[in-house]
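Asks: Residue numbers (this note's numbering), protein chains in the order written: chain A, -3 to 404; chain B, 1336 to 1574; chain C, 883 to 1327.
A couple of the hints might just be wrong.
[Unchecked claim] Within a straight-line C-alpha distance of at most 27 angstroms, the following computed BS3-like cross-link-like pairs (lysine-lysine) qualify:
#	chain 1	residue 1	chain 2	residue 2
1	A	Lys180	C	Lys1061
2	C	Lys949	C	Lys1185
3	C	Lys1185	A	Lys151
4	C	Lys1119	A	Lys151
No lab work stands behind these hints, which were simulated from the structure alone.
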Amino acid sequence: MNLSVRPILSALLRNRTGAVLVAMQIAIALAVLVNALYIVMQRIEKMRQPTGIDVDNILVVSSAGFTERYQPVPSIEQDLRYLRSLPGVTAATATNSIPLSGGGSAQTLVTQPNAHSNDSMNYFEVDEHGLDALGLHLVAGRNFRHDEIQPPLTKAEASRFVPQIIITRALAQDLFPKQDPLGKQVYDSIGQAATVIGVVDPMLGSWPGMIAHPDWVFLMPRAPFTEGGNSLIYLVHTQPGQREAMLRLIETHLSSSNPERVVHFVRPLRYFRDLVYLGDRTMGIYLFTVTLLLIAVTCLGVFALATFNVSTRTKQIGTRRAVGARRADIVRYFLIENGLITSTGILVGCALALGVGYWLSMQYELPRLNLYYLVGGVLLLWAIGQLAAWQPARRASAVSPSVATRTV
Amino acid sequence: MLKMQDVSKIYRTDLIETYALRGFSMQVSAGEFVAVTGPSGSGKTTFLNVAGLLENFESGSYQLDGKDVRELSDDARSHLRNQRIGFIFQSFNLIPDLNIFDNVDVPLRYRRLNAKDRRERIGSALDLVGLSSRMKHMPSQLSGGQQQRVAIARAIAGDPAFLLADEPTGNLDSLMARQVMDLLEQINELGTTILLVTHDPELARRAQRNVHLVDGQISDFRAYEPRAVGAEAGGAALA
Amino acid sequence: MFAYYARLSLASFRRNPGLTTLMVLAIALGIAVCIMTLTVYHAMSGNPIWWKNDRLYAVTMDNWDPKQTYNHDGSLGPPPQLTYKDAMHLFSSDIPERKVVMYTVDAVISGTGLPAPTRVETRLTSADFFAMFDVPFLYGSGWSGSADTPPQPVIVLSRQENEKLFGGINSVGRTLRWKDHEFRVVGVLDEWMPRPRFYDVNGGSFQMPEDAYIPFAWGKDLELLSSGNTDCWRPEKIDSVAEFLNSDCIWLQMWVEIPEARSRERFQAFMDGYWAEQRKAGRFERPRDNRLTNVGHWLRDRKVVDTDNRVLVGLAFAFLAVCLINTVGLLLAKFLNAAAVTGVRRALGASRRQIFVQHLVEVGTLSVIGALLGLGLASLGLAAVHHMYSAAHLGHRGGYQELTHIDAVGVMWAVILAIAATLAAGLYPAWRVGRLPPAQYLKSQ
């Protein structure tokens, strides 16, 4: 049997509809596969970005005073004293917003007084237990001291800054490139100064994956603002394995310890972290599932065409066998035929994949499609295509040579 | 009733043209039983396809019931096939997923007859071929001879003027073949014109008239010879 | 004849059960993925108050930093909210038929005979809110304009909040306590779920409407700060509520209802006049950009539909395309495999059209089965998405779950889409098989 491609090709061209359909499926499948995987990998990378925060061992308590008699400062002191007294709790702090939750506060931070800046920097107000409560790593400088913690802002005094701050290494590199940030001065929008006393690394702030630099964060030694119905947040760091037990304990105690105050919720920090990545996770799972189904459907297409080709050519196959083709020759014939179709589809698919990749890069403002993905996708589809044609080809090779002599 | 004049039919491929019929002329009157014989490749099947309006032809004229069919649309030809012509094939060509009743029903469906009318016709056609007890059977449950009788019932259920039979006994053993031929004669006696295409001279002898095809042309007209009534060997061909 | 063809289709399915199952599955999968994606997309991108598209306008003014646009690249247009003083000035105009200025706060509400104090997300707004946005009432009504200033202690509850606080009874006339004031319930809303929440897209357009509504002026009296976004750009000292209200911080949403074009022009002129006056006083240093934006354009400008969703819609259609191409291939293979039977039918007098219709009926039957199965699969898929969004996220506010509802109209469209797409896919194979030369397949089996 002549195994050169030319006769197989000419046979194909005489009967092209089915082949064209399969090639089209393969082309679309390749374009989708490559780009979907690229997006999925980017999402996974984003979700894997280290937060620097001990997400699994932190509880978030949200509460608010609701009567005119509510006294925030003593109330917070009393609550923190209680939280820190619990045996399963290693640290607790009051703060202004929940890290990794998609909601937070930011303010201008510049290196020259009254300089102009396009960027607002994400900040958290904490006390000297803040670093431990978040499980952050101090890589340079020192923590806040107890006597440095400022009283909360009030409506009557809303612009006060703090004398010291701790910043992330990423923010330090932005503010003071290639310099030691310790001891340097930074300024707020109206020119009040603060000294950098410590550097933490790594740390993600309020908006992971939502802004360009979620790791540009700084910590202020100040009790959080609670006027005007604002919610107050406690971050409670628990010992490993104690989180759920502490959650129940804290919920029960705090909801009754102060009648002027209502507890909105006590929740693991992981809840917020998962919520903020929920869109990415859903997108990833969805893309992955649909791509998998797409490949499966395409496989079916290849399989069905090969099966059809075999079943309509039983007699021809028998004749080939009768004139001396070995089983392997028959298998090879069908695999080469399928390979031709798949390759055509893949060729068109490459162009399509690059086109879609270009469009997506415009939409997402992301780097262009990585060509490794294209190479991987091509190899994968080619292999899958051959695999899908394998069984029909084997069946073809099982056709008896006697078919040739049977007339009816 | 059927009149072909100088009909030529050419099969074209990329390289060659083959004349399957070449200046073919023939006339069949109502009620005749004509056998068309000839060796393999002589144009028998082409003749049947053209006569049965399954294929068109390049030149010449063909009149069916006095009407020129050359220029008819595909729809009109389908209609004529359905109303006037019945087919019997060598390989029976029953539709395997339909039971006997539904197989006989096929041409009647395309005629848009009402259900009662169809039921009556199917019943009497199957009665004629002696298979009315097998209505609910599937084709695969019947023997070859029975299948061919179903095919005959299907061909006559629509009460066609013509019956075109293409080697109807080719796939049958001699006993079954004889039963099928008896049936065809019986149908012919009821007034249906029959054109039988075969390569078998034995079968051809049972027709009233034989036409012998060679290379798409009639090689030799044989004289009309009435069949001896009831005689098995009647209609013996003039050599 | 249709019944006959339908019977033939069933017989044909019985002949190739495997192939038939594959085709139905391919169609169903394609349809399911499309329905799922479009359901979510539709929920996120539809204009929930399209019938007022030529009357309702968001009011914005660009008061931002002369050195930079509101967001990084300016792609979101002018700031979506107003400062207090600009909002108050524009609100004083009598040109609009209806007008609202509003924001949200976190309230902690208690009451005698009620369960423990609860947090209630509350919208501070003006009397026109309910009529302007066609908000349906279950009990009572909104408050009258006279309750706006000075603010009367009246409150309107959402249906859900009324369930939670009063077990769903007609609570009109009952009182709720907040900030040492007694608020009287004047109305309870019926189910109201504008998706997206067009009138305030800060903090996510899939958020549900608030749980309670009180007159706007309470905000100033009780010094209530916004629980939504407050954006400031001007370096200025803000050390009192008065200073905050006078600042260039934006935190208020404003909408007007102006049906006539001429009135809109007048209101635009009113805005521009105010802008020029303020500019002379040193504000509004950016180029003039005072806008009235209808809901459709508002949703587009605010980029309510995120890129992910558009990518998913593209993916869904690519998937459907592959499924349909697959179906075309399988149908072609199936029909041509049965060419001999078709040849017999043609010989027995079936016309091309009859053969075409017969096969189209077969495709139609497949598509109906595929559509139903697809609908089932889509519900399963949406349930899975719903699960992903709700599992372990108990009590979270947000309308994610609502995104995954298929409504009756959606179902109808989905089924029509399924059947139309499959029939379109079946046209070619059915046509091809009708064109087969009848004689060729009769001779041998």
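Asks: Does each hint fit the structure? Answer for all of them.
Replies: Results for each hint:
1. Lys180(A) x Lys1061(C): violated, 44 angstroms
2. Lys949(C) x Lys1185(C): holds, 24 angstroms
3. Lys1185(C) x Lys151(A): violated, 34 angstroms
4. Lys1119(C) x Lys151(A): holds, 12 angstroms
Of the numbered hints listed earlier, those contradicted by the structure are 1, 3.
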